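> Line order of the protein sequences matches chains A and B.
Start counting the first sequence at -2; every next residue gets the next number (my numbering).
Start counting the second sequence at 13; every next residue gets the next number (my numbering).
One should not assume that every hint holds.
Unchecked claim - A few chain B residues that don't get close to chain A, going by computed Cβ distances all over 10 angstroms: (1) SER69; (2) ASP134; (3) GLN136; (4) SER188; (5) VAL224; (6) LYS231; (7) ALA279; (8) GLU344; (9) LYS445.
Claimed, not checked - What the simulated footprint calls covered on chain B by chain A, stretch by stretch (three residues with Cβ under 8 angstroms from a Cβ of chain A suffice, anywhere in the stretch; the number is not a length): (10) 32 to 41; (11) 105 to 119; (12) 255 to 266; (13) 405 to 415.
In short, the hints are calculated from the structure, not lab data.
All values derive from a computational prediction rather than experimental measurement.
For each residue, glycine too, the CB sits at the ideal point set by N, CA and C.
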Amino acid sequence: MSQNADKILDHFTLFREPEYKEMLENKKKNFEQPVAEIEVAKVREWLKTPEYREKNFAREALTINPAKACQPLGAVFAAVGFESTLPFVHGSQGCVAYYRSHFSRHFKEPTSCVSSSMTEDAAVFGGLNNMIDGLANAYSLYKPKMIAVSSTCMAEVIGDDLNAFIKNAKEKQSVPMDFDVPFAHTPAFVGSHVTGYDNVMKGILAHFWDGKAGTVPKLERQPNGKINFIGGFDGYTVGNLREIKRIFDLMGVEYTIVGDNSDVWDTPTDGEFRMYDGGTTLEDAANSLHAKATISMQEYCTEKTLPFIALHGQETVALNHPIGIAGTDKFLMEVARLSGKEIPDALTKERGRLVDAIADSNAHIHGKKFAIYGDPDLCLGLAAFLLELGAEPTTVLATNGGKDWAVKVQALFDSSPFGKNCHVYAGKDLWHMRSLLFTDKVDFLIGNTYGKFLERDTGVPLIRIGFPIFDRHHHHRYPLWGYQGGMNVLVKILDKIFDDIDQNTQETAKTDYSFDIIR
Amino acid sequence: MSLNTVADETDIKARNQQIITDVLQAYPEKFGKRREKHLGTFEEGKPDCGVKSNIKSIPGVMTIRGCAYAGSKGVVWGPIKDMIHISHGPVGCGQYSWAARRNYYIGTTGVDSFVTMQFTSDFQEKDIVFGGDKKLAKIMDEIQELFPLNKGITVQSECPIGLIGDDIEAVSKAKSKEYGGKTIVPVRCEGFRGVSQSLGHHLANDTIRDFVFNKLDGKDNGFVGTPYDVAIIGDYNIGGDAWSSRILLEEMGLRVISQWSGDGTIAELEATPKAKLNVLHCYRSMNYISRHMEEKYGIPWVEYNFFGPSKIEESLRAIAGHFDDKIKEGAERVIAKYKALTQAVIDKYKPRLAGKKVMLFVGGLRPRHVIGAYEDLGMEVVGTGYEFGHNDDYQRTTHYIKDGTLIYDDVTGFEFEKFVEKVQPDLVGSGIKEKYVFQKMGVPFRQMHSWDYSGPYHGYDGFAIFARDMDMAINSPVWALTKTPWKKAK
Chain A
-2 MSQNADKILD
8 HFTLFREPEY
18 KEMLENKKKN
28 FEQPVAEIEV
38 AKVREWLKTP
48 EYREKNFARE
58 ALTINPAKAC
68 QPLGAVFAAV
78 GFESTLPFVH
88 GSQGCVAYYR
98 SHFSRHFKEP
108 TSCVSSSMTE
118 DAAVFGGLNN
128 MIDGLANAYS
138 LYKPKMIAVS
148 STCMAEVIGD
158 DLNAFIKNAK
168 EKQSVPMDFD
178 VPFAHTPAFV
188 GSHVTGYDNV
198 MKGILAHFWD
208 GKAGTVPKLE
218 RQPNGKINFI
228 GGFDGYTVGN
238 LREIKRIFDL
248 MGVEYTIVGD
258 NSDVWDTPTD
268 GEFRMYDGGT
278 TLEDAANSLH
288 AKATISMQEY
298 CTEKTLPFIA
308 LHGQETVALN
318 HPIGIAGTDK
328 FLMEVARLSG
338 KEIPDALTKE
348 RGRLVDAIAD
358 SNAHIHGKKF
368 AIYGDPDLCL
378 GLAAFLLELG
388 AEPTTVLATN
398 GGKDWAVKVQ
408 ALFDSSPFGK
418 NCHVYAGKDL
428 WHMRSLLFTD
438 KVDFLIGNTY
448 GKFLERDTGV
458 PLIRIGFPIF
468 DRHHHHRYPL
478 WGYQGGMNVL
488 VKILDKIFDD
498 IDQNTQETAK
508 TDYSFDIIR
Chain B
13 MSLNTVADET
23 DIKARNQQII
33 TDVLQAYPEK
43 FGKRREKHLG
53 TFEEGKPDCG
63 VKSNIKSIPG
73 VMTIRGCAYA
83 GSKGVVWGPI
93 KDMIHISHGP
103 VGCGQYSWAA
113 RRNYYIGTTG
123 VDSFVTMQFT
133 SDFQEKDIVF
143 GGDKKLAKIM
153 DEIQELFPLN
163 KGITVQSECP
173 IGLIGDDIEA
183 VSKAKSKEYG
193 GKTIVPVRCE
203 GFRGVSQSLG
213 HHLANDTIRD
223 FVFNKLDGKD
233 NGFVGTPYDV
243 AIIGDYNIGG
253 DAWSSRILLE
263 EMGLRVISQW
273 SGDGTIAELE
283 ATPKAKLNVL
293 HCYRSMNYIS
303 RHMEEKYGIP
313 WVEYNFFGPS
323 KIEESLRAIA
333 GHFDDKIKEG
343 AERVIAKYKA
353 LTQAVIDKYK
363 PRLAGKKVML
373 FVGGLRPRHV
383 IGAYEDLGME
393 VVGTGYEFGH
403 NDDYQRTTHY
413 IKDGTLIYDD
423 VTGFEFEKFV
433 EKVQPDLVGS
443 GIKEKYVFQK
453 MGVPFRQMHS
463 WDYSGPYHGY
473 DGFAIFARDM
483 DMAINSPVWA
493 LTKTPWKKAK
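Excised from the complex, chain A in its bound form (with noise of 0.2 angstroms):
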């Protein structure tokens, strides 16, 4: 017996005890009819050759460990971004459980979201019943300002209409006739989260805009001198939205942040829960329409949003996840030219500062190789900062990345001699790059939280940034975004590669001569 109360051993230490380890051996040995350990040996090197590289990029059909979700929940975080906004997946309501988790175990934050809960019965009568029934529901018990409706695959296939079910359940009084129930269809299998972000905020932008469905006269258009800023799907969204609030503030430009999570997934531990908390005002959201132009900073995350606003007499302006210097400067000069105003010399001297950290570590940087995979803006922010730094993105993957989005990835990599030997992977999953990182070495390997199979199969160190991040705390809380957001970048990186050349010497009387304090 091991366990002590004194000392009480976890299940990080408690199994490796002698009698665990004798028990679940012989549990192996005499009842799992388990392969022969040479066999098992000799498949996992098969997994790491060539060979297996050709087999495994022949898959057809099947999927392993995607670096992507479906667009329900891309939804979700889109319309928890408005005041007050209550989501409703309109639906089987199993689906909402799971999006709340996966948001929760990243944020640590509490994710308010209902369902309509459809079962078989709405599956073959359809679930407008489940609509009128949710929204009276919803709105009686949460009270929200607005509800935002989209869907499952389950409503998708059924061919549910939401349009015509929003007005049956307005009639039936579920809710007031005047009260904002902007929709998107949202089906599961068509795109990815980022794709349900996209058609949810070109939900709620056409249901300020566009005449609430019929309802009200459109509105229309009186432009003045604000930008509007959409993030996009972002796991830093919180730091990140709060750097780009004090960069407009310290510019003095007039601005409107369309769908701000920052607040809603940050609450105070005070005593308060708060189900609602911050987001772009319904007016706000409203008189985005007036703005001079619209900034995007996931071009990705906005490809129908953009043309639609375009169309409505607003100048766009579609950035990918701008990280570093270069990214960072052209986001600022675009924000300067459409707003008239001058780029501070506050923001001049934290440029200066990121270039001066990049002047004192790229050393430590230069000509390495990293892998990336993430969502297709993040990637090219990521890779764009890599070949800044002098470093070699090798491989760039994106599960839900497209033809077009290789194509612009390629030409990131042409225009630096750094790209030169960098390849691009789009609907490419983990399990294409696990191969990848036996076949074309790197050094270093960023992701999501997944990426730590990864990093444990092939053993390239994992640097953690993308979404979602469940098993390193507080991480969203940093931005990506500006020059202090290029730093946060930098720092871990730097960090990570101290790490590992610090693990690697400190064998004693063997290697540990390079055990350097000063780097």
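Keeping the supplied structure of chain A fixed, place chain B upon it in accordance with the hints.
Below, chain B alone, put in the same frame as chain A:
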């Protein structure tokens, strides 16, 4: 007067009635009436908890429940480590459930074990329009090619499968034949079926009967039994729970021939009909297959509870009661062996926890099973409810709870928040979706699905961790910091 200071049971019952009346008023009338049936106060001597259960959730209320897919893939089948479980349909379901339940296992992931991987058919629009059967067949071929050491495949249906008329049974049968009788199990656990995870458990149990057991009929798998063979049923090895349970059964002289399904293998599933006794932890999710084995193979089953020393002791004796004196003596030996440990744990933590009140809302067996462990530490459970329990769960709960316990079935986010606000417990035990709601309110919280990434909580070794975790939740200095010194409390 703070409501949590009410003294006697009459007051408590009156208070509970008031709280329930208050929350029901917030609903539209029709739905207040429907929710009323799920809320109540336990009356000593009644055969159940006086609430209705296993009924459809009402739309729009923030139910905590999941779906049939979660019950089959996430709970029953997913932990079987040497098989590959395909999340069949769009990408999301498999993504959100990927490695999220901490079903521990030993194995070389990607080579001979696959639990923490996400295999999906990633349905696209064309699969919905033209059907996914051909794709499924191809997926099975690709699995065979890329993962040659897999011991079987299951198809975990997501919502669209049942709606577009795919015939996953035919595909599975054909591929099983093509691959020399390989175990390939189609599961019709589409998320819209039933009212919660619960139907998924049942459907998954049925597929073990149909595609694992029935395949064995008349075949000798070479298994050599002993009089002391038992199978652990309904332990998912979350944080190693099944291991800290197994060790006790083995120490008392039993031979555990199978674990369902945490750290389990297809070989263990196949061996189970040879057991002399099935010991069942999670009744809710695996009573079906236990009853089937009783009827078909004559294997008796016994429910047990390995949370906290009082219940462990009771359970070890109940299990031993099915065997001869050798095992009975073994049980006493095990009980004696761990006495010093449990006493030391209680001596250390009971003074810090005695009198603390707990509210629970969990799935499966835990809304009742963990009560004894809290009581061993001098704590009191004042409210409990099941996410997806049935009436037989609420009947069993009566053996655990006190007169006046607040009962809430399929509680909604709204109700739970109000209940906790009014009852003011010292600790809430529920899931990830609830955790931060209550912590924001300043109420200590432990996740009682995932053990808040700690565990194991089963067995004597687990009890020590449980006690420490409850102490660190309740007695954390952080709860004294939630109010500013410069603002008076409301």
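> Give a verdict on every hint.
Hint check results:
1. SER69: The claim is violated: B/SER69 sits with its nearest Cβ about 5 angstroms from chain A, within 10 angstroms.
2. ASP134: At roughly 4 angstroms from the nearest Cβ of chain A, B/ASP134 sits no farther out than 10 angstroms, so the non-interface label is violated.
3. GLN136: Given that some Cβ of chain A is not farther than 10 angstroms from that of B/GLN136, nearest at about 6 angstroms, it is violated.
4. SER188: Per Cβ check, B/SER188 is outside 10 angstroms of chain A; nearest 18 angstroms; holds.
5. VAL224: Check passes; 14 angstroms lies beyond 10 angstroms.
6. LYS231: Per Cβ check, B/LYS231 is outside 10 angstroms of chain A; nearest 15 angstroms; holds.
7. ALA279: The claim breaks: B/ALA279 does not keep its Cβ more than 10 angstroms from every Cβ of chain A (closest is about 4 angstroms).
8. GLU344: 16 angstroms, holds
9. LYS445: The assertion about B/LYS445 is violated, with a minimum of 5 angstroms to chain A.
10. 32 to 41: holds (count 3)
11. 105 to 119: holds (count 9)
12. 255 to 266: With 5 residues closer than 8 angstroms to chain A, the stretch 255 to 266 of chain B meets the three-residue bar; holds.
13. 405 to 415: With 0 residues close enough to chain A, the hint is violated.
In this structure, the hints that do not hold are numbers 1, 2, 3, 7, 9, 13, in rising order.
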